[in-house]
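Asks: As a plain string of letters, each chain reads:
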Amino acid sequence: MSRKTYLPELPDLDSAADLAYVDLDTNTLPIDNHPFNHQVAIFLPACSLERAQAHLNQDLGWFYQIDIKLSTLLDPTFMKTYVQSGHKSLVLHSVDTHLDSDDVIVLDLNGTLVMNLTKSTHEMFGIQARKQTRADMKRQRYVVRIDLGDPKLVPGTKMYERLLWCLESTFTNPIKMLAASVDKVTGSALDIEWPAGVSYRRLENSAHIEDISGITIPSFDNLRPAACTSEKMWEQKSIDAVEWLGLVHLKAKRLSSNDKPDPFVSTYRAPVPNAAHQHGVLVTWKGFILPALISSILSALRKLMSVKVTENWTSLTVWGFHDSPFGWDNMQHYYFVGGENDYTLLLLPKTDEESSQKMAISYKMYGSHHVIQ
Amino acid sequence: MEKPENLYQSLHSTQKDPIKDEAAVKSVVRDLVYETTSEEKVIQNLKPVRIDPSPESLGEAKSLKKKKMRKPHEKSRRLNARERRAFKVYDIPAEAHKYDIFVQLNKLWQGYMAEVYSQGANPSQFAQKLLKADFHGAIFKVIKSKNPSYVGIEGIVVQETLSVFKIISKNNKLQQIPKISSVFTMEMECCPGVFTLYGPQLQFRAADRAVKKFKPKPSIDL
Chain A
1 MSRKTYLPEL PDLDSAADLA YVDLDTNTLP IDNHPFNHQV AIFLPACSLE
51 RAQAHLNQDL GWFYQIDIKL STLLDPTFMK TYVQSGHKSL VLHSVDTHLD
101 SDDVIVLDLN GTLVMNLTKS THEMFGIQAR KQTRADMKRQ RYVVRIDLGD
151 PKLVPGTKMY ERLLWCLEST FTNPIKMLAA SVDKVTGSAL DIEWPAGVSY
201 RRLENSAHIE DISGITIPSF DNLRPAACTS EKMWEQKSID AVEWLGLVHL
251 KAKRLSSNDK PDPFVSTYRA PVPNAAHQHG VLVTWKGFIL PALISSILSA
301 LRKLMSVKVT ENWTSLTVWG FHDSPFGWDN MQHYYFVGGE NDYTLLLLPK
351 TDEESSQKMA ISYKMYGSHH VIQ
Chain B
1 MEKPENLYQS LHSTQKDPIK DEAAVKSVVR DLVYETTSEE KVIQNLKPVR
51 IDPSPESLGE AKSLKKKKMR KPHEKSRRLN ARERRAFKVY DIPAEAHKYD
101 IFVQLNKLWQ GYMAEVYSQG ANPSQFAQKL LKADFHGAIF KVIKSKNPSY
151 VGIEGIVVQE TLSVFKIISK NNKLQQIPKI SSVFTMEMEC CPGVFTLYGP
201 QLQFRAADRA VKKFKPKPSI DL
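Those sequence lines, one after another, are chains A and B.
146 is the number that UniProt numbering gives to position 146 of the first sequence; each next residue is one higher, with no gaps.
222 is the number that UniProt numbering gives to position 222 of the second sequence; each next residue is one higher, with no gaps.
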């Protein structure tokens, strides 16, 4: 039941999103600057399970669940091998820490350690935080950014000693984190040798393939801005398309061709033109997945489309963490009521004018509280 | 018949400069004042009344007024904070910025604390005594501060003022740590345990703290 029925006077809680019509070859996609993801899913309409299994047996690598004391990150050999290395990228994200109440610590692709701290932790920490934004002030949180790839951060220097002292005195207990490392060149997952005192568990980014049958699948023929009379109409159509995709990932009953719900419950209609009693394949990967691996999935998907394994459109959806302190680039992200940090790419089939499939609709979900800087 | 007495006396002066002719004025005043009063003093204290409102005359009247309103306590005025600082009475000279010099002070303080502790080892009683104790010579460490650069500073307290602790650290650096933004910890040899002192609650001079009863603030938040 929507919030409006039982709380009619309250204003609508907007969740912001970015809708764009992108060229997959030239435009910057939301993939590369969104480092922390826990789930990736592909939907292939009108494709059989065997074909999908044959072409999409991507091994997305592995990740580690670790209990690490933050000062161990500054261990000289570990820093040199993984953090400050030119050809390896290490990514860390703290688990079970809520963005509105706990300290969230992440290490992003550029080697920056970002700590979104509570007031008391920041007062104890001892390193100057970034200037507070209005969102930070409202929640009394402080963001400390430390570039671990800085060449001045060498054992023996003042900077290093101070950082080490601060981490040791404030974060005395080990923190539960997820870690993954990829090779910057090949984009393949790498093993990490953890220093002493770190308890770790290696887990695979597991794939799960499912066939969904008996559903009404729209063809999304007229989803190009050129085919729509106005921009508003294109926006509305795109949002309807993304809504349908959302239902697919939920494996909702509303999609079924035989579904005849009571109008009091739902008056949902799939976007027209659509074809009834179709089937599609949903492939889901769960784990801690880095952007390089997602790019490889996207290229495999585009290959599939070019080889005509599937004639229609396809979709790639990625879910980020609700408690990540920032989303794309340096856009700050907060939870409050809706911490969405996800994006969807709806790849449209190639038209006769295009040489290859390249256009897609990108829908980035920013959540209810975000700060663009 | 005799001629009646002339009641009117002419004040016309026969001299060249009539203004400076005081004889006539003196004689009039002599008649009016008491016998023992000196007419010269009376004339001195007389206020001149200017009939013509010329600018010079008005200006003189104003300056006379101003002189009267100025406070006469020039000699017994108190020094303000800027002047006090300029005298540098309470500053420790640069040659004395050495940790080794103050280690002896710390030893004295430890002895003083041992004496206080021996008077009553009950924790709550001891804590009350500590509130009134003198901290000169104690080893303080800043554990929390609104200003991150103060966190981690450890050393001997050299001076305590209303709002600041002056601490000298092992690398011979004398630093002023404001009380209002910091939380300190203190350890002593006689008693096990670490004592936490909340700076915003201790905004008193050392002498005042020993004597006055002070009310704690509602929150220990910085």
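Hints are computed from structural coordinates only; laboratory data are not their basis.
The reader is advised that the hints may include incorrect statements.
[Claimed, not checked] In the DSBU-like style, the derived pairs of lysine-lysine whose C-alpha atoms are separated by at most 35 Å in a straight line are:
1) LYS176/A to LYS41/B
2) LYS173/B to LYS69/A
3) LYS141/B to LYS138/A
4) LYS146/B to LYS138/A
5) LYS141/B to LYS152/A
6) LYS213/B to LYS141/B
Asks: Let me make sure I understand: some of the numbered hints might not hold for this structure. Which ones are they, in numerical order?
Replies: Structure breaks hint 1 only.
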